[in-house]
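**Student:** Residues per chain, in single letters:
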Amino acid sequence: MGQKQSAEKFSVQELIQKSSGKKQKKLIEKMIPIILLLIASVSVLTTFGIVGTLIVETVIFFKQVKVTDFLFGTEWFPFANTEQLFGILPLIAGTLKVTGIAVIVAVPFGIASAIFLSEYASDKTRRIIKPILEVLAGVPTIVYGFFALTFVTPLLQQFIPDLKIFNALSPGIVVGVMILPMIASLSEDAMSSVPNSIREGALAMGSTKLEVALKVVLPAALSGITASVVLAVSRAIGETMIVSLAGGSTPKFDWNVTESIQTMTAYIVQVSSGDAGYGTTIYYSIYAVGFTLFLFTLLMNYLAHVISKKYREEY
Amino acid sequence: MVQSFKKGSASQIDASSIVYDTQKLNLWYGNHHALKNIDLQIKENEVTAIIGPSGCGKSTYIKTLNRMVELVPTVKTSGEILYRERNIFDANYGVEELRTKVGMVFQKPNPFPKSIYDNIAYGPRIHGIKSKKILDQIVEKSLRGAAIWDEVKDRLNTNAYSLSGGQQQRICIARCLAIEPDVILMDEPTSALDPISTLKVEELIQELKEDYSIIIVTHNMQQAARISDKTAFFLNGEVVEFDSTDVIFSTPEDKRTEDYISGRFG
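Protein sequences, first through last, are from chains R and X.
Counting with the working numbering, you get residues 1 to 315 for the letters of the first sequence.
Counting with the working numbering, you get residues 1 to 266 for the letters of the second sequence.
Bear in mind the hints are in silico, worked out from the structure with no lab data behind them.
Among these hints, one or two may not hold up.
Mimicking DSSO-like on lysine-lysine, the simulated pairs with C-alpha atoms at most 30 Å apart in a straight line are [said to hold, decoys possible]:
id	chain 1	residue 1	chain 2	residue 2
1	R	Lys-209	X	Lys-101
2	R	Lys-310	X	Lys-153
3	X	Lys-200	R	Lys-209
4	X	Lys-130	X	Lys-141
5	X	Lys-255	R	Lys-309
6	X	Lys-101	X	Lys-24
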């Protein structure tokens, strides 16, 4: 049989020429980029749509409330019967309290974990720990929320008797736990990408392992680590469920973390799930707050982008 | 100017002029027997070249001298290496202490992603020198010692990675000089450099010899012939021949040495 086949005369080039579907192929090749562009533009257009809606509704809000009252007002009483007050500073204060506590928790633990994983852990340990960290990042935030409310708050009350049921401390800590894996994982990536030859150079100078980690690898990976922290801060600012459940709904412009607060996100939840009528000032206020929130996270993401671009080390 | 680096070392008696005394050294990577019964005496203020084909164990040997080879987790050793009459494998011989005395220059330039100044000041700093005035002096002295001061003196605060490969390698040498080591190990220090940079580094090695004991692994036999006083020829993990460079390159005893240096293999 093999012999018969080899005896048959044919030219591969001719067969290729003969084969049909050449035109069809060309048409598909032409269509594909257009189809892909349409699909890709769906997400881009959606983004523009959301931002557009935010801006339009925010503009309507500012026809009813003065911009300066909104930006510099220190009291937020949208549900008042007589005189509504829309000063956003209390909501920003609530958000910053939670974010600040989260950063205080997450940055040291996150970077310490990253140093351990990148510089000390064996391959085997790393293979076990990294997936666990990633699972931690995948826990639904609602679970973190009732964990904060029903476990962390009562636990903290043992030590701080003054702590209210709703407060900034407990959700702050839990948001910190939530963003910790993100900092640990991204910082570990940044540190692992520092070439080994640089570690060897430092070791050969008589450095200890700790000196290599803190004085050579950490500074070399600083841009990546900073970017990871900024991204994590951005997530903390936008975090909603944890603060809605455990933070309370009392916007206050102060630095007290033991009493009930309200963050920007929690306010939006409160109004959206309540019965604010369409067209009321309260209705528009969630767009104004949402837009402010959007500016905050946009700024953070942009900052992370700039840091990782500008200060990226070339080895 | 280079003299200032060295502490006066009296070398009247022969034993004290031996820096490294390797005795019956064996080394395994897992089951692979990489170094077999190495016996080698290295004298101070000499350039000792180690030559041999790829995989002969020459890099392994030089990395054993400052115990960098132990970064490979499966390494096992037997035998002794006496550095200044002390066994470096002793349990109470701190590896950091050894590496403070024995500097190393690597195959590929590996400066830290820091400024030129911070690269040189790194060693003194981790060993506790904090005074800015003293650090300034060390940085200048080391950069002069590595013959690169004139090229970088106006941009000490720029990142070391902005320099060319040859300059980076001399920065690495200067970084090594900054802690005034006793021995400098060089693992194919010019293999990643262009010919002109190579020449500069070779000239530098000649100058450094006055004050340091240098052990250099090289692929390049002309380089060994040009710069070294003694040459050791490694083959399959063994020292085939060790003698003064003149003898190795003119009248080697072993047939294999002759074949290698005349380019019949390797």
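**Student:** Measure nothing beyond the straight line between the CA atoms of Lys-209 (chain R) and Lys-101 (chain X); if it is 30 Å or shorter, mark the hint as holding.
**Tutor:** holds, 18 Å
**Student:** Take the C-alpha atoms of Lys-255 (chain X) and Lys-309 (chain R), compute the straight-line distance between them, and say whether it is at most 30 Å.
**Tutor:** violated, 58 Å
**Student:** Holds or violated: are the alpha carbons of Lys-130 (chain X) and Lys-141 (chain X) at most 30 Å from each other?
**Tutor:** Measuring from Cα to Cα gives roughly 17 Å; hence the hint holds.
**Student:** For Lys-310 (chain R) and Lys-153 (chain X), compute the direct alpha-carbon distance and say whether it is at most 30 Å.
**Tutor:** holds, 26 Å
**Student:** Tell me if the straight-line CA distance from Lys-200 (chain X) to Lys-209 (chain R) falls inside 30 Å.
**Tutor:** violated, 33 Å
**Student:** So if I understand the rule, the pair passes when the alpha-carbon distance is 30 Å or less; does Lys-101 (chain X) with Lys-24 (chain X) pass?
**Tutor:** Between Lys-101 (chain X) and Lys-24 (chain X) the Cα gap is close to 23 Å, so the pair holds against 30 Å.
Checked against the numbered hints above, the structure violates hints 3 and 5; every other hint is satisfied.
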